[in-house]
Amino acid sequence: MSILHTINKSPFERNSLDACLKFATAGASVLLIEDGVYAVLKGTSAEAQIKGALGNLTVHVLGPDLKARGFSEERVIEGVKVVDYAGFVDLAAENDKVQAWL
Amino acid sequence: MSEVVKKFMYVNRRAPYGTIYAWESLEVVLIGAAFDQDVSLLFMDDGVFQLTKGQDTTGIGMKNFSPTYRTLGDYEVKSIYVDGDSLAARGLTQDDLIQVAWEDWESGEEKENIVEVVDVARIKELTEESDVIFSF
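Sequences listed follow chains A and B, in order. With our numbering applied, the first sequence corresponds to residues 1 to 102, in that order. With our numbering applied, the second sequence corresponds to residues 1001 to 1136, in that order.
This is chain A alone, in the form it adopts within the complex (with noise of 0.2 Å):
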């Protein structure tokens, strides 16, 4: 069963992404959102955590997200996928369910 996690709220006042990231199997999907978008920006103190998913994980982030919030993609972490709304539908379509993060 594949698992698509979503993740909307900030790692620096929620701990979303930190118990996201425990539980979730390897070779899961994540996609970042809202608020949750600043995870996966290079040089933040979340950036290890981020790096170290990657190496079971698939990591996404939404891109009209992380626009609003004046962030360009090369801001992004490499590795990680910035996909678009059509992208999240894509995702939820090809994994077997979705768990919400909140």
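Please note that a few of the clues may not be correct.
As the list claims (entries may be wrong) - Part of the chain B face toward chain A, derived, beta carbon under 10 Å:
| # | residue |
| --- | --- |
| 1 | Gln-1055 |
| 2 | Asp-1056 |
| 3 | Gly-1061 |
| 4 | Arg-1070 |
| 5 | Gly-1091 |
In short, the hints are calculated from the structure, not lab data. A virtual CB, placed ideally from N, CA and C, is assigned to each residue, including glycine.
Take the given structure of chain A and dock chain B to it, following the hints.
The following block gives chain B in isolation, referenced to the frame of chain A:
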């Protein structure tokens, strides 16, 4: 109008768009400008994300309120402070932040940018000096 001028400080600790806090704070600051007080804003923790340059919300269908911060100098806001530690933890520097100009209509005094990055010691002082603190 009240004769007593108090020092008001608005403390902003939330990121924009994900929750309504940032927008609500801005609304209160703009309304509060009518009361002729000594107003300063402090951005810390995820609140520093409110001041990032280049915000473009067309893709998320929400109002982009970041240009409004640049007008705060015209709304009695004299100082905008940003916690340096919060910026560093988020991989940001002052170059990532918007600039806010200020001008005193009576004296003609001008400042090109009132956004100032400060350390913990300075934030403690600012907090002590304030008469009223609003938290968002």
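Query raised in the report: Hint by hint, which ones does the structure fall short of?
Result: Those not satisfied come down to hint 4.
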